[in-house]
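Engineer: Below are the chains, spelled out letter by letter.
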Amino acid sequence: MPDTGRAGTLEALFAAKEIVIACGSGGVGKTTTAAAAAAMAAVKHREKVLVVTVDPARRLANALGLEGFGNEERRVEPEAFKVAGVKPRGELWAAMLDTKQSWDDLVHRHAPDKETERRILSNPLYQNISGKFVQSHDYIAMERLYEIHSSGNYDLIVVDTPPTRNAMDFIEAPRRMADFFSSRLLRLLIAPYRSRMMNLASKPFYQVADRVLGSQFLEDIAEFFILFQTMYSGFVERATAVERLLRDHRTTFLVVSTLEAAPVREAEFFIQVLTAKKFHLGALVLNKVLPDYLLDEGAEERAARMCDAAEELSHIDGLAESLGTDAAQLERVINEVASNFRNFAVVARREAGLRQELQIRPEVVATVPEFEGDIHDVAGLLQLGERIWS
Amino acid sequence: VPDLLDRKLVFVTGKGGVGKTTIAAALAWLAAERGKKTLVCEIDAKGDLASFYETGPTRFEEREVAPRLWAMSMDTEASLKQYLSLQLKLPLVAKIGPLAKMFDFVASAAPGVKEIVTVGKLCWEVKERHYDLIVVDASASGHIVSQLAAPQAINQLVQVGLVRQQTGWMLDILGDPAQTGLVVVATPAEMPVSETLDLTARVGEETNVELAAVVVNRVLPELFGRGEEEVFDRLADPESGGEDLLEQRIGGSLKPLVDAARLTVTMRRSRTEHLERLRDAIDPGIPMLYMPYLFFRAHGLRATHQIADALSAELGY
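Just so you know, the protein sequences line up as chains E and R, in that order. At position 367 of the first sequence (counting the first as 1) the number is 367 in my numbering, and the numbers step up by one without a gap. At position 192 of the second sequence (counting the first as 1) the number is 192 in my numbering, and the numbers step up by one without a gap.
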């Protein structure tokens, strides 16, 4: 249900954009939201839609009822929609990001020759870090997005972002990667291994480093960086192109949050950064929100009265008997129902307060109620999707 | 299984958003309350451990935030400096500026380097017996394994040198269940449970740290006692006329109250499934500690007290 008085809908946003990037802190339902929105787009628009997840926890695979699909894009079986009783106008495709595989592909693409490629791939450091390199997930996610977008195979690509410590890292990742490879420090570090002339500035470093880490390790590091430098121009060029794509008017960001203190703070930070850096902030999706009736002041008063009068109410003539119980048990039930309302009213009011705190808002704000069960099939995704779509 | 608070070094991890910091803060609070000189260390620089004690921001230098309770936040650069000067006795502290930058650079690429400096500092505090207990608000489940396995990773990568010599005693501390334990925090929901199960399997295979406890956070209390849900169902059934009778007395609609009760019952039910899946999969020898969902406060010192009390009860104190 979009907020009343707001013109935009996800439907309109998704029709106008080619890339949607979902971001938000961990545990807010980002992956599910991205998949649900993509599934809706595939159902409603006659388009080929791809959802890319970078999460190693295989969540999307679960949500789509798929198992063990890797780096390759795969079509979600039309059968899965049929089970949900829906005939989609378009196609839904899904891919999961395999960081290691993507790095290998990247090296293959940028290495100047076969020998360099082989040496990079067999360097002990590379083998260990292709999963952990400087925000490697972030960079790879954005790089892969660029690759897929340039393939021209899809009308719409929805990307779920990796859980990062600094939530905005993935935006900066391409730039940081470019900076990394053009860094003065990097040149300083590998200088002594390139020429026999030891750079004066780095000499103390090597004396310490050698004692601490041992020279073999240092050589491995240096070789790694020297080899990686051969791919420098390819990387920087690519990183610049990826950054340009993120800023393109065809790209939009979807901020996902729950109405809890920490995620809201993070969402606020996201919104600020996106706005300040002039990225397109398309929508805010608020997940797992408690129902509005909990904010009903009159009901709150009645709940308080009911708590106070529970004993008296349980003795209403014939009531306990007609419910097949005794007054004592009925009193407990009345008390429980009333206190439960009051407990959750506290939480709902806290949520409402946090919602007010989200000051800057995108054009589209969608709210998803606390769902009863978990979402692990296309039907569930579409049920959620319907709530945020129009 | 050794008593949780009798260990020397306890890492607290979990999927993002499950309340990992709350549990770490409360566990440390409880230990200090029970007379142990406790250090709580937050690994993620962006974390909000300080807000759980209503205190100013934590820094690398430990600070006493409550009687017997000390708090710090990890800073790999500061930790490296301390490591070089205290442990390796390198007289280079003055010229460390460019070295630290260089270190940061190498550490970005070389696996285990940042982690070893982090884990090294914690193990060192254990070795020096500065505290009775160190509680670590560790990295989230995606990153904790590489942190705990850092000494092994360094052992493989670095064949000689002082760093390698240092990994031996760290492995001894980490691998000793009497000293070190891992606490995994989950909530009764699908993904946190799945991630907890993945994590406990990986920790067993890839590290030598023992799983000390699983904390299930935000457990909704059962709304109705035995037989009471049936009474509620009949009361809410229009045919019984019960709800009408109550509405006449209370003077207004009770529908929101009835709906809220139904919502609670279904929420509780779907969470119970996940709880059972978790309980069935975790080794019965591992204590499972259940923390209640807090309606009134999810943050701040008040919440820390409430969770510390709940932990105390669950640990049988």
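Hints listed in this document are in silico derivations from the structure and should not be mistaken for laboratory results. Warning: the hint list may mix true and false statements.
[Said to hold, decoys possible] Pairs of lysine to aspartate or glutamate, EDC-like flavour, derived with a Cα cap of 16 Å:
1) R:255 x E:300
2) R:255 x E:301
3) R:255 x E:312
Engineer: Are the hints correct? Go through all of them and say.
Structural biologist: Hint check results:
1. A threshold of 16 Å between alpha carbons decides the hint, and for residue 255 (chain R) with residue 300 (chain E) the separation of about 12 Å falls inside it, so the pair holds.
2. About 13 Å separates the Cα atoms of residue 255 (chain R) and residue 301 (chain E), which keeps this hinted pair within 16 Å; it holds.
3. Using a Cα cut-off of 16 Å, the hinted pair residue 255 (chain R) and residue 312 (chain E) is violated, with the two alpha carbons roughly 20 Å apart.
Checked against the numbered hints listed earlier, the structure breaks hint 3 alone; every other hint is satisfied.
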